[in-house]
Amino acid sequence: MLSFYKNELSVINSQILSASPSEVPVLLQRIPLGLLGSIESGNGRDLYPELSKYLPTMASDAIQMSWTGQSGNELLKQSVDFMNSVVHFYETTPRNESTTARIYDANVLDFGCGWGRLARLLLKHVPENQIYAVDPWSESLRHCKEHNVRANFGLSEYLCRELPFGSIKFDLVYAYSVFTHLSRKAGQLALRTIHSRMNPNGVFAITVWDDSCWDILANIHENLPINKLKNDYQKEGFAFLPHNNREAIEGEVTYGDASISLDHIEKQWSDWDIVGTDVSLLVPSQLVVFLRPKYRYT
1 MLSFYKNELS VINSQILSAS PSEVPVLLQR IPLGLLGSIE SGNGRDLYPE LSKYLPTMAS
61 DAIQMSWTGQ SGNELLKQSV DFMNSVVHFY ETTPRNESTT ARIYDANVLD FGCGWGRLAR
121 LLLKHVPENQ IYAVDPWSES LRHCKEHNVR ANFGLSEYLC RELPFGSIKF DLVYAYSVFT
181 HLSRKAGQLA LRTIHSRMNP NGVFAITVWD DSCWDILANI HENLPINKLK NDYQKEGFAF
241 LPHNNREAIE GEVTYGDASI SLDHIEKQWS DWDIVGTDVS LLVPSQLVVF LRPKYRYT
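Mapping of the sequence shown onto the numbering used here: position 136 corresponds to residue 136, and the numbering continues sequentially without gaps.
I should point out that these hints are in silico values taken from the structure, not numbers from a laboratory.
It cannot be assumed that every hint is accurate.
Taking lysine-lysine pairs in the PhoX-like style, the calculated list, with each CA pair at most 20 Å apart, reads [claimed, not checked]:
{"#": "1", "residue 1": "185", "residue 2": "145"}
{"#": "2", "residue 1": "185", "residue 2": "53"}
{"#": "3", "residue 1": "169", "residue 2": "53"}
{"#": "4", "residue 1": "267", "residue 2": "230"}
{"#": "5", "residue 1": "169", "residue 2": "294"}
{"#": "6", "residue 1": "6", "residue 2": "53"}
{"#": "7", "residue 1": "235", "residue 2": "267"}
{"#": "8", "residue 1": "267", "residue 2": "294"}
Required output: the full structure, derived from the provided sequences and hints.
In structure tokens:
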């Protein structure tokens with residue numbers, strides 16, 4: 001794979017350390033996102049030492065597994081697939097009647113960034129000073145910084161009522177495998193907070209599960225109340241199973257597993273419009289949902 005792009009990689013390698021933040025995405029446009037992710041993961045880093053100095057290093061397999069349940073090439077493929085979907089939607093879907101937008105110009109927020117597996121891929125598309133990443137666990141942010149993930153980082157609360165980035169507004173926010181783990185209260189607070197910081201024509205990309213997730217999780221968790229969870233989903237379009245080994249926050253456990261239907265989003269998330277969806281054959285149990293804010297909070 002590297003040999004197909006040896007000329008492009010040589011140019012990038014010779015210029016990357018002297019490039020300004022605005023020039024880096026222009027340089028990296030010379031190679032596909034999958035190749036960038038592969039190099040970040042260690043493939044060919046020794047061949048391009050200057051590029052290697054610039055790019056983030058990869059978290060250990062143990063860290064990857066503990067955050068996501070997967071690691072290595074399989075996890076990379078899912079990450080690249082999601083990011084390609086988000087970028088394609090953002091740049092091809094009109095913001096108004098006729099115009100589209102370049103992600104290069106966007107302020108982008110990774111909401112629930114974990115150890116930075118997605119934020120690191122944004123370097124191909126967005127100047128690093130326009131990349132923001134937030135997580136409620138300080139250990140996540142420690143790993144991001146330790147591995148030189150290039151972004152503006154901030155610590156949030158588990159019940160997220162504000163974002164730690166001043167008054168900046170975002171053109172694109174994504175939350176991968178976040179709302180699939182939030183209680184109703186935690187999810188609603190996050191939605192309100194994100195909504196208040198979106199530009200009017202901004203895009204918010206999330207992932208959700210339907211009730212088939214409970215069949216999958218039944219193979220992992222003992223004594224899963226699968227009938228109740230499926231009934232909750234059928235009645236309300238939402239079901240949540242708290243992880244009771246987590247500390248309660250304001251009287252409830254806010255983290256667990258959640259399934260959310262499109263009908264629930266349409267009826268209950270009244271400040272958002274569904275403007276698109278996507279699926280991945282790599283994660284068939286998960287749906288990507290693209291949202292836009294309906295109006296501004298005052």
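Quick one, are residue 267 and residue 230 close enough, alpha carbons at most 20 Å? Holds, at about 19 Å.
Residue 169 and residue 53 were given as a pair; does the straight-line alpha-carbon distance stay at or below 20 Å? Violated, at roughly 31 Å.
Run the distance test for residue 267 versus residue 294: straight-line Cα separation, threshold 20 Å. Since the Cα atoms of residue 267 and residue 294 sit roughly 13 Å apart, the hinted pair holds (cutoff 20 Å).
Within 20 Å, alpha carbon to alpha carbon, are residue 169 and residue 294? Holds, because 15 Å separates the two Cα atoms, which is no more than 20 Å.
Is residue 6 within 20 Å of residue 53, Cα to Cα? 18 Å, holds
Compare the distance between the alpha carbons of residue 235 and residue 267 with 20 Å, and conclude whether the hinted pair is satisfied. It holds: about 13 Å lies between the C-alpha atoms, which stays within 20 Å.
Compare the distance between the alpha carbons of residue 185 and residue 53 with 20 Å, and conclude whether the hinted pair is satisfied. 42 Å, violated
Straight-line alpha-carbon gap residue 185 to residue 145, limit 20 Å: With a Cα-Cα distance of about 30 Å, the restraint between residue 185 and residue 145 is violated, given a limit of 20 Å.
When held up to the earlier numbered hints, the structure conflicts with 1, 2 and 3 and fits the remainder.
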